[in-house]
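Visitor: Sequence:
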Amino acid sequence: MDSKYQPQQIEEKIYKGWEEKELLEPKTGKPFTILMPPPNANASLHAGHGMYTVEDIMIRYKRLMGFSSLWIPGTDHAGFETQFVYEKHLAKQRKSRFDFSRKELYNNVYQFVKDNSGLIYSQFKKLGFLADWKRSVFTLDDHVLKTVLETFTKMEKEEHVYKDEYIVNYCTHDGTSLSELETLYVERKDPLYYIKYGPFVLATVRPETKFGDTALAVHPKDKRYKKWIGRKIEVEGLLGKFKIKVITDEMVDMKFGTGVVKITPAHDPNDFEAGKRHGLEVKRVINLDGRLNELAGPYAGMKVKQARERVVKDLNEKKLIDHTDDNYVHSVTVCYKCGRDLEPMIVPNWFIKVKDLKKPVIEAVEKEKIKFFPKRFKKQILQWLKAMHDWPISRQIVWGIRIPVWYQVNGNEKKIWLSFIDSKGQFKKGTVGQYLENGYTLDEIKKGLQQITIPIYKDKPVKYIVSKEEPINGQDWIQETDTFDTWFSSGQWPLVTLKDDEYKTRFPTDVMGTLSDILPFWVSRMIMFSLYVKKEIPFKDVYLWSKVVDSKGQKMSKSKGNVINPVDLVNKYGADAFRASLIFGTSPGGNVPLAEEKVLGMRNFMNKIWNIGRFIWMNKKVTRPLQGKQAQGHKRVMVSSTNHDKVQQLQKEFNAEKKKYLKAMDSYHFSQALGLVYEFLWHRFADYYIEQLKQDVINGNIEAWKTLEEIYLENLKMLHPFIPFVTEAGWKVFKGENNSILTTSF
RNA sequence: GGAUCGUUAGCUCAGUGGUAGAGCACUUCGUUCACAUCGAAGGGGUCGUAGGUUCAAAUCCUACACGAUCCACCA
Numbered sequence: 001m002d003s004k005y006q007p008q009q010i011e012e013k014i015y016k017g018w019e020e021k022e023l024l025e026p027k028t029g030k031p032f033t034i035l036m037p038p039p040n041a042n043a044s045l046h047a048g049h050g051m052y053t054v055e056d057i058m059i060r061y062k063r064l065m066g067f068s069s070l071w072i073p074g075t076d077h078a079g080f081e082t083q084f085v086y087e088k089h090l091a092k093q094r095k096s097r098f099d100f101s102r103k104e105l106y107n108n109v110y111q112f113v114k115d116n117s118g119l120i121y122s123q124f125k126k127l128g129f130l131a132d133w134k135r136s137v138f139t140l141d142d143h144v145l146k147t148v149l150e151t152f153t154k155m156e157k158e159e160h161v162y163k164d165e166y167i168v169n170y171c172t173h174d175g176t177s178l179s180e181l182e183t184l185y186v187e188r189k190d191p192l193y194y195i196k197y198g199p200f201v202l203a204t205v206r207p208e209t210k211f212g213d214t215a216l217a218v219h220p221k222d223k224r225y226k227k228w229i230g231r232k233i234e235v236e237g238l239l240g241k242f243k244i245k246v247i248t249d250e251m252v253d254m255k256f257g258t259g260v261v262k263i264t265p266a267h268d269p270n271d272f273e274a275g276k277r278h279g280l281e282v283k284r285v286i287n288l289d290g291r292l293n294e295l296a297g298p299y300a301g302m303k304v305k306q307a308r309e310r311v312v313k314d315l316n317e318k319k320l321i322d323h324t325d326d327n328y329v330h331s332v333t334v335c336y337k338c339g340r341d342l343e344p345m346i347v348p349n350w351f352i353k354v355k356d357l358k359k360p361v362i363e364a365v366e367k368e369k370i371k372f373f374p375k376r377f378k379k380q381i382l383q384w385l386k387a388m389h390d391w392p393i394s395r396q397i398v399w400g401i402r403i404p405v406w407y408q409v410n411g412n413e414k415k416i417w418l419s420f421i422d423s424k425g426q427f428k429k430g431t432v433g434q435y436l437e438n439g440y441t442l443d444e445i446k447k448g449l450q451q452i453t454i455p456i457y458k459d460k461p462v463k464y465i466v467s468k469e470e471p472i473n474g475q476d477w478i479q480e481t482d483t484f485d486t487w488f489s490s491g492q493w494p495l496v497t498l499k500d501d502e503y504k505t506r507f508p509t510d511v512m513g514t515l516s517d518i519l520p521f522w523v524s525r526m527i528m529f530s531l532y533v534k535k536e537i538p539f540k541d542v543y544l545w546s547k548v549v550d551s552k553g554q555k556m557s558k559s560k561g562n563v564i565n566p567v568d569l570v571n572k573y574g575a576d577a578f579r580a581s582l583i584f585g586t587s588p589g590g591n592v593p594l595a596e597e598k599v600l601g602m603r604n605f606m607n608k609i610w611n612i613g614r615f616i617w618m619n620k621k622v623t624r625p626l627q628g629k630q631a632q633g634h635k636r637v638m639v640s641s642t643n644h645d646k647v648q649q650l651q652k653e654f655n656a657e658k659k660k661y662l663k664a665m666d667s668y669h670f671s672q673a674l675g676l677v678y679e680f681l682w683h684r685f686a687d688y689y690i691e692q693l694k695q696d697v698i699n700g701n702i703e704a705w706k707t708l709e710e711i712y713l714e715n716l717k718m719l720h721p722f723i724p725f726v727t728e729a730g731w732k733v734f735k736g737e738n739n740s741i742l743t744t745s746f
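All residue numbers for the first sequence refer to the UniProt record's numbering, where the first residue is 1 and numbers rise by one.
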């Protein structure tokens, strides 16, 4: 045995040994199952992934408790995220997604992901994860597609799905609508213009949307404007005179601005809601490309910001601006990827009605059929579930699962808008009818198709069918180009990871571990899908682990430059030290500061563990039968009553430690459990008992030696879930190279 | 605006009615004898503020201050 524990030399070998002996796979016993939260397929390890250690701790602990532990890994295609990364990659080659048909683009991204995947698994192995890698599931695997499409079909049939125009946050640069998760808010100072509007003055930061105004609103209790309510007023605007109705709505804040608001349903979420309440016309003036359209007259074709400047300039010239407040601070919704302002836009979207679907979810959480650790997250998820509104599931990107909806072309030629690349490589944009008339076949259009957009025609909607396969008379149908929101597929994770017969034995799974950030987006949806499809909860417990932050408690981000690469730390100090530093002295659901000094401290602990074993091992030889004077000395030690008492005391102290340990482990108090063993092994077992019994052990006191060995090995087992490598290495020293700590039990 | 969490040693954080703790940092001493990636000893905190409950409060309650996060709003 080396006097220093050197993880670099043995970790890889140990892991290989587990693989060769098939110890990553479940053994017989009562089932215990965890589904690994799927990281992005093309991701590489970041500090946050380190917290997966918590699941490894559970898996290994249960294995040692005699359970049939199974940890199923997987990767996520991460739609928007991955396409974004790929597009940046394209940009370097001075290309964009508009240079490709959706089919080409999809295949390219697929290849890109394939080329970059697998890395994270090798890094997970480096961390020692005891997952059954052979069972890895990718969210675009055939059987996953099958399940996801079936779920959608079922939902559509049972009327949980609808298509509607909806106001979404739309990034005109990335060309897609964004989920709540993908939006950020930034505080910003923008001029607030007080515009003369007929008899009123009203405040707005977005004068360029005034061409889409379809009403003015005041608060019902606002006495100042009582005489105008319900009347149509005449307004002199930039495009001449027009009439507009004055309505009342509670949403108007009398104290803000002048208390009069313009309602622009097509370009503001609140106005959209108000428009619905009052049955107002929805007048779109900004197109999806971020430019004003023909309703804006001379401003048509201008981008939003440019149009705003021109409109303000022209309003000023016509003396239609009363005054401007230049110190107005408000928060603006921006794209979390490109940082540009998001445009509230009317986009046809597929929705899931959540009202009925979320009911059983709320019930399951309230009745604690699913428990949360730490407990406070129960409140959080309930709050979110209650506020949850209909879920837009379509995304205008290609990297994902294409929505299995087919629109009828025949009779709708003028209603179906699309873009495609023709056989000569020319980019085309317009209605399908326009190109069919010009001699294109539907096949050619489909081949080079990029995107189709079908507005809602309320009087005569475009007919569609839901079908996993292309309808037989394919000539007449064209498939939706939108893909599902990533959460739509990852939300079905528990429905696609187990084998059919395992749903009888391993479902619901035991624990779902994840970061509290995605509790609403992911966890609640997994519960929802599972209850809908399987009529059963997907997991019994939810464990929310900590967010890994830097040593000052700051979130790690590239822009701050405080990103710590876990791989470097593992190479330097060993996987055990890294793992222990994420668990030792931390609490779940909070922050874990990751600092090199802490990892170093834990590395020292690993070395201590190693050297305790080394001391005991080195003295094993001495306990052989002794002769002559030695034997006399030996005998004398054997009968020493003080030492006998010490041994008994040690045994007693250990029993108490183990009891506490088991209690902590069973209640997910991993930090406590590790701290307990740390304190016992180092400061009681080594600093006190070994020092006290040292001479006796060296002299060959069998009772003392035997007790030290037994208790040491027991502590290795207890530590094994946290620090698998050093404990396995120590175990092999005592039990033989071919033995594994994983085959023992408590 | 609503909610949740936090505020404890120089730093990062455990501790949840009964003698204030850990890691790192700091001071002093000790190297052949398992480990200097070590050991021994020590300094350092009126546990955010103000009230209350209690024989007893860092811990329970109330209010406030500050910070973090989530949700909503933001014309």
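Please note that the accuracy of each hint is not assured.
[As the list claims (entries may be wrong)] Straight-line distance between alpha carbons at most 30 Å, and here's what the computed DSBU-like set of lysine-lysine pairs gives:
(1) K125 to K572
(2) K386 to K572
(3) K353 to K125
(4) K125 to K386
(5) K95 to K13
(6) K134 to K245
(7) K283 to K355
(8) K732 to K646
(9) K30 to K415
(10) K4 to K468
(11) K375 to K283
(12) K468 to K30
(13) K386 to K375
(14) K134 to K646
(15) K146 to K126
(16) K154 to K196
(17) K534 to K555
(18) K154 to K463
(19) K16 to K125
(20) K447 to K88
(21) K371 to K21
(22) K463 to K4
(23) K660 to K375
(24) K646 to K572
(25) K732 to K652
(26) K303 to K95
(27) K552 to K534
(28) K732 to K660
(29) K371 to K572
[Said to hold, decoys possible] Per label pair, the in silico range of CB-to-CB distance:
(30) F427 to E281: 56 to 62 Å
(31) Y194 to F427: 56 to 62 Å
(32) Q8 to Q306: 57 to 63 Å
(33) Y688 to K555: 26 to 32 Å
(34) G736 to E366: 48 to 54 Å
(35) K706 to K21: 25 to 31 Å
(36) H323 to E150: 35 to 41 Å
(37) G736 to Q649: 40 to 46 Å
(38) K4 to G590: 29 to 35 Å
(39) N473 to K30: 37 to 43 Å
Derived by calculation from the structure, the hints in this document are not laboratory data. Ideal Cβ positions, reconstructed from N, Cα and C, are used throughout, including at glycine.
Visitor: Check each numbered hint against the structure and report the violated ones by number, ascending.
Guide: Numbers 2, 3, 4, 5, 6, 9, 10, 11, 12, 14, 15, 16, 17, 21, 22, 24, 27, 29, 30, 31, 33, 36, 37, 39, in rising order.
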